[in-house]
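**Student:** Next come the chains, spelled out residue by residue.
There are 2 protein chains.
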Amino acid sequence: MRRLFLTAALLLGCKRHHGQAWAAPPSAPAESLRDEALAGSKAADHVRSLTDEVGPRLAGSEGDAKAVAWGLAKMKSLGLTHVRAEKVMVPRWVRGVETGAVTAPHAHALTLTALGGSVPTPEGGVEADVVVVASLEALAALPDTSVAGKIVFFDKPMERTKDGLGYNRAVDVRGRGPSAAAKKGAVATLVRSITPSDARLPHTGGLRYADGVPAIPAAALAVPDAMLLRRLADAGPTRVRLVLGCHKEPDAESANVVGEVEGRSAKDEIVLLGAHLDSWDLGTGALDDGAGVGVVLEAGRLLAARPTHPRRTVRVVLFANEENGLRGGVAYAKAHEAELGKHVVALELDLGTDKIFRLDALAAPSADPKLRALTLPLASLGIAGPVKGEHFGSDISPLRAQGVPQIAFAQDATRYFDIHHSADDTFDKIDPKGLDQMVAATVAFAWGAAEMDGDFGRIPPHERGEH
Amino acid sequence: MRRLFLTAALLLGCKRHHGQAWAAPPSAPAESLRDEALAGSKAADHVRSLTDEVGPRLAGSEGDAKAVAWGLAKMKSLGLTHVRAEKVMVPRWVRGVETGAVTAPHAHALTLTALGGSVPTPEGGVEADVVVVASLEALAALPDTSVAGKIVFFDKPMERTKDGLGYNRAVDVRGRGPSAAAKKGAVATLVRSITPSDARLPHTGGLRYADGVPAIPAAALAVPDAMLLRRLADAGPTRVRLVLGCHKEPDAESANVVGEVEGRSAKDEIVLLGAHLDSWDLGTGALDDGAGVGVVLEAGRLLAARPTHPRRTVRVVLFANEENGLRGGVAYAKAHEAELGKHVVALELDLGTDKIFRLDALAAPSADPKLRALTLPLASLGIAGPVKGEHFGSDISPLRAQGVPQIAFAQDATRYFDIHHSADDTFDKIDPKGLDQMVAATVAFAWGAAEMDGDFGRIPPHERGEH
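Taken in sequence, the protein lines are chains L and X.
If you use numbering that gives the first Met the number 0, the first sequence corresponds to residues 0 to 466, in order.
If you use numbering that gives the first Met the number 0, the second sequence corresponds to residues 0 to 466, in order.
This is chain L alone, in the form it adopts within the complex (with noise of 0.2 Å):
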């Protein structure tokens, strides 16, 4: 109810403005372009030419290197022009073997994948004694003497909940978990998957170690197992064994792909489209985020087959390696620092297959009508807004920093998580349908964005940071 309530506050709509002279770009080509994509749009078979013909594509790995060529020669094949790799290096980390065991009270086998960017166990892994807590504050509230030597299994349940947040407020446990465990003295850690599925799958997922702690492996149970583990633990001193032989490579070559639509008048300001071409390597990357890429790529050839392109130009941009290091994003606002200033507006897809239902926005105030204006031929959709936002893509987070206004469209995110990193993330997972509603959401806003006069200004610096 109070998020409700806070949202409702929040809807710009509330606000007037007064003496803005401002004509919003005519809505015709936008709702032409959205009921074009909503009739049925190809996004899916990109996703299908993805997911097929190159699979599963970790930064770094041959799939990474496969999937940089596929988009070029898919962006080429769409109609968009300046088509090119931008070189990023990124992290290689490689996953090995991971086997685990409860080896005390009860034999039983775990299922079990390592997070990414784990250190290896030991030459012949390491067994020891299990320590269960249910947050990093429980952890924290534990005595160094209860922790030293052990495993700590971080047992937090994901909440299922359709804006996703439920992700968020259980990932901490995952990212930061290892090193506040072995801050204390642990010897691996274990964490339930993040994801509110029961399937026997494990979820993998990126750690961060902290400086100055020694890294420590981890693993991501999958949740049958956890709950095994938990009852297991519950009912007296319960041992593991983990072996993971995962470990990382000097960093190798990748590359942002980019595509544009060029403005037919002011062609050096940006629209930026973007999603992230990397994926896990447990499943295929279908809806993290090969959906994103089959929407905004979908986007761009409907954009370039107009006979007359908008004013701006429409860049499309396919990111590497956010998954397990953002080095795309980061190499991307670093390259094109110079003309940040004329980037109108970046907008990422990397929430599944699902509908879209309202379009979140941080730009600044002035922009305010734009935004209702450019929204309005979502609204059959059903997607409401704009809302003010406080959550946008992980690859255009350093576009932010340099103030540039951010979209994010807010998707049922429902049973996203159920199938997010984990082997399950396959081509049959997608929603074609949906990705039709995503494309129309997409090409009618970036229409209207790279189309209308005057621009979203500048995000205010005390709002260019994540909360």
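Zero decoy hints are in this set.
Quick list of in silico lysine-lysine cross-link-like pairs, DSS-like style, CA-CA up to 27 Å:
{"no.": "1", "chain 1": "X", "residue 1": "Lys182", "chain 2": "X", "residue 2": "Lys149"}
{"no.": "2", "chain 1": "L", "residue 1": "Lys387", "chain 2": "L", "residue 2": "Lys354"}
{"no.": "3", "chain 1": "L", "residue 1": "Lys75", "chain 2": "L", "residue 2": "Lys432"}
{"no.": "4", "chain 1": "L", "residue 1": "Lys155", "chain 2": "X", "residue 2": "Lys432"}
{"no.": "5", "chain 1": "L", "residue 1": "Lys432", "chain 2": "X", "residue 2": "Lys155"}
{"no.": "6", "chain 1": "X", "residue 1": "Lys75", "chain 2": "X", "residue 2": "Lys65"}
Just so you know, the hints here were simulated from the structure itself, not pulled from any lab data.
Start from chain L and add chain X according to the hints.
**Tutor:** Below, chain X without anything else, positioned relative to chain L:
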């Protein structure tokens, strides 16, 4: 619609019986047992104990031996008497390495698992082009030249149904597909997992090699992998590589675990409550058939705890080796051949954890009024019937062949086959309330059958085999 009509026509209650002088057993004890179970049984505790303390228990494995010991101890602790292990020699099949990959046109790892009983692939694996067929009939229609030297992939989706019959309609390709393919010269068989779920977990299950045909290796693909393989093969030539290390060892000793609630007068007349103690090796056999084990043990406990036992003996049997041999069911019928005439009725629970909605029966036609009377106390549990049934428990099918009346509880199987035979068959999927309802129905029916005057007669000879 046709099915509904048949069901209605078969409702035994539709028939009228005249001239029968028979007094139903007093319903108060059945109702009291039913209500006691429904208020909260210990069935889920028994399932948790079996799955957490023993885990997977494939026939002949170490887990199977542990399960027999567990069953004996549990029966004794629950107050059953004449508790014993009745020796059964069981096949011992051991899963080994199992990997698969699409090698052309695009490289993909395949998530798969060997079918139970499969022979291994030759040293170094097998690699061949794939031929996709939708059914045994579609395979039969192909010329041998289209199949020889290839890997036959049966892509037969399973329909989700409440009564579970979608499984029966799809499963023939798993049992008989490998030999049907071998007869035409195939080198290996893949089947789409027999499940309505799209989770990326393969479902194993037994196969039956035909005599006089080479035994070829056979594996089940997870549904997302089956869909991928289908897409690729529909588009053009597709090659797959398969490595299976599974093998057979000499038969091993296992046991049917038997315990009783001794009848207060007709001690030698038997009401049999069965479930199977073995499980597949991928999960911990919580639904298949930990649930059945928990329910019949709990029904036994409740009956044993009554100050006055029913007239007849209620015998609880935990059968060995249901999954890949049925040796337990066959051995029971053989060992008890002399007393099968005294087996009044046999009931097996082996369809998971969700609610019973109907009682199915097969007995002498003269048994109808008795079956109706004994079903009456189940009406408040949402259980319809009695209906003349066709499918009964596997382990009691050798008793059916001898004319012993059969009862099956039709359970809501809507989600059962999402889980069954996969790594996902774990305790967290158990619904304790569902088990309580199952116990309530089982104990009330068992009391009535053990208390009533007279019996259900024998199954007529022409109905003793499954059609």
